[in-house]
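Number of protein chains: 4
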Amino acid sequence: MTDRAAKYFTTKATERDRAVFEAGLALGMVVHQFTGIPLRSNEDAEMLERLIERSILSQPYRTRAKVAIKRRFDHKPEDPYDYSTLKTSDLDVLVEVRYGRFVVRARLRRVEELDFNLAYIEDIEEV
Amino acid sequence: MTDRAAKYFTTKATERDRAVFEAGLALGMVVHQFTGIPLRSNEDAEMLERLIERSILSQPYRTRAKVAIKRRFDHKPEDPYDYSTLKTSDLDVLVEVRYGRFVVRARLRRVEELDFNLAYIEDIEEV
Amino acid sequence: MTDRAAKYFTTKATERDRAVFEAGLALGMVVHQFTGIPLRSNEDAEMLERLIERSILSQPYRTRAKVAIKRRFDHKPEDPYDYSTLKTSDLDVLVEVRYGRFVVRARLRRVEELDFNLAYIEDIEEV
Amino acid sequence: MTDRAAKYFTTKATERDRAVFEAGLALGMVVHQFTGIPLRSNEDAEMLERLIERSILSQPYRTRAKVAIKRRFDHKPEDPYDYSTLKTSDLDVLVEVRYGRFVVRARLRRVEELDFNLAYIEDIEEV
Numbered sequence: 010m011t012d013r014a015a016k017y018f019t020t021k022a023t024e025r026d027r028a029v030f031e032a033g034l035a036l037g038m039v040v041h042q043f044t045g046i047p048l049r050s051n052e053d054a055e056m057l058e059r060l061i062e063r064s065i066l067s068q069p070y071r072t073r074a075k076v077a078i079k080r081r082f083d084h085k086p087e088d089p090y091d092y093s094t095l096k097t098s099d100l101d102v103l104v105e106v107r108y109g110r111f112v113v114r115a116r117l118r119r120v121e122e123l124d125f126n127l128a129y130i131e132d133i134e135e136v
Numbered sequence: 010m011t012d013r014a015a016k017y018f019t020t021k022a023t024e025r026d027r028a029v030f031e032a033g034l035a036l037g038m039v040v041h042q043f044t045g046i047p048l049r050s051n052e053d054a055e056m057l058e059r060l061i062e063r064s065i066l067s068q069p070y071r072t073r074a075k076v077a078i079k080r081r082f083d084h085k086p087e088d089p090y091d092y093s094t095l096k097t098s099d100l101d102v103l104v105e106v107r108y109g110r111f112v113v114r115a116r117l118r119r120v121e122e123l124d125f126n127l128a129y130i131e132d133i134e135e136v
Numbered sequence: 010m011t012d013r014a015a016k017y018f019t020t021k022a023t024e025r026d027r028a029v030f031e032a033g034l035a036l037g038m039v040v041h042q043f044t045g046i047p048l049r050s051n052e053d054a055e056m057l058e059r060l061i062e063r064s065i066l067s068q069p070y071r072t073r074a075k076v077a078i079k080r081r082f083d084h085k086p087e088d089p090y091d092y093s094t095l096k097t098s099d100l101d102v103l104v105e106v107r108y109g110r111f112v113v114r115a116r117l118r119r120v121e122e123l124d125f126n127l128a129y130i131e132d133i134e135e136v
Numbered sequence: 010m011t012d013r014a015a016k017y018f019t020t021k022a023t024e025r026d027r028a029v030f031e032a033g034l035a036l037g038m039v040v041h042q043f044t045g046i047p048l049r050s051n052e053d054a055e056m057l058e059r060l061i062e063r064s065i066l067s068q069p070y071r072t073r074a075k076v077a078i079k080r081r082f083d084h085k086p087e088d089p090y091d092y093s094t095l096k097t098s099d100l101d102v103l104v105e106v107r108y109g110r111f112v113v114r115a116r117l118r119r120v121e122e123l124d125f126n127l128a129y130i131e132d133i134e135e136v
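Chains as they are written, first to last, in the numbering used here: chain A, 10 to 136; chain B, 10 to 136; chain C, 10 to 136; chain D, 10 to 136.
Just so you know, these hints were derived from the structure itself, not from any lab. For glycine and all other residues, C-beta sits at the position ideal for the given N, C-alpha and C. A couple of the hints might just be wrong.
[To be verified] In silico contact screen, one side only, chain C against chain B (beta carbon under 10 Å); selected entries:
(1) Y17
(2) E31
(3) A32
(4) V40
[Said to hold, decoys possible] Coverage of chain A stretches by chain C, computed from C-beta distances (three or more under 8 Å per stretch; other residues unrestricted):
(5) 41 to 52
(6) 87 to 101
Taking the hints into account, I'd like the entire structure generated from these sequences.
Printed below as a string of structure tokens:
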């Protein structure tokens, strides 16, 4: 596999840096692309989980994606105003990137203790 | 059906106005929420069509939604950079809103003659 | 002023319908385009108010836009995690559309009584 | 500076990894949050440049942001349909992140040769 884009990166950037960088890009995308989508049922949420996973995997070097959305969308069909929009705090996203010999696993989820939706690196492995 | 939000609208707003307004809201949502999603295959695009339809229908008084996305997403799996993001011009969206005795059908689609992604009203009916 | 797009609308659509429809489109755009922007200070929020107004006015037939964002963004510079993202409930948006002889004024704001971010028509006038 | 979030990261994540990860997050945010904003003039584009810079800097450990948007937005005020929306290819974004002893400079810009809007690492320095 030749990487057509490699020459644009500084030569200081290692395979590890590349994998970590792509993991950050992936999670930044998810938060700012999908937050705000109107949903009415937990079935809608499930479909959205699969779509976000596909969307993550469509971008370069992502090897795995697992998305879980809080099951809080069972709205009353008889009330037209009873629906809600996806919040970042509803999301638990795992993304795995492999670049060269490095595999990075990163995560986005609500961390109550910090009162923050945190994107962080769960693991970095050389394979 | 009582409409809890009705009292916030000017009393000048008719049922017809309400239906037309919701149709505008629905199409504004679709354009600005979904444009930019990364996709790699036409299968991804199909899943996104269904999700946009559900998302439209989750909001008040929408009675029908039909979304077609241009089938231009058959990217090469072996090229990491061969994917693309949803553009407004890929979308053909039909939304139907019913409020009281009025049904409005509105559409969003690329109009080449205008070089514009046009949102317009296709039909207004009293039922 | 000739309207190049007029012929795409059903002939049943009146000037009033057109104005109401554009008002809906405008508010749908604001909610789904701007929600999620990271901000750290109330000064950031003020700049964003002006930008949303310009963005609204860039689209067809909008004649006035007034945006107010809740002043809740005075975060502590010394805490890297103390910032937040724009929520729909932070927004109070007024948009005025004129099409032909009709002026429509529409609004988006948090309505506590409904526990809902409501988009509604405040006024419709023939001028 | 204590980092309240540090304990959520794998202990394998170095200061360098942290800086690179944040740079990726920053550029993912810009692409997926700001693309799609309607603009009518180059003055609008200038205001948006400043806003994106502030938005980047509001998030953790970003020390510098420089945004340039293509000057292609001088639309005709007399034509209601003559405006356009921000595309990723309009953007040239530089972000600098410092975490501990590491400074990472990353960039997003259209690379014609690749026919791709590339996010890449321009420099990594230990200071």
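Evaluation of the provided hints:
no.: 1; hint: Y17; result: 5 Å, holds
no.: 2; hint: E31; result: 7 Å, holds
no.: 3; hint: A32; result: 7 Å, holds
no.: 4; hint: V40; result: 7 Å, holds
no.: 5; hint: 41 to 52; result: holds (count 3)
no.: 6; hint: 87 to 101; result: holds (count 3)
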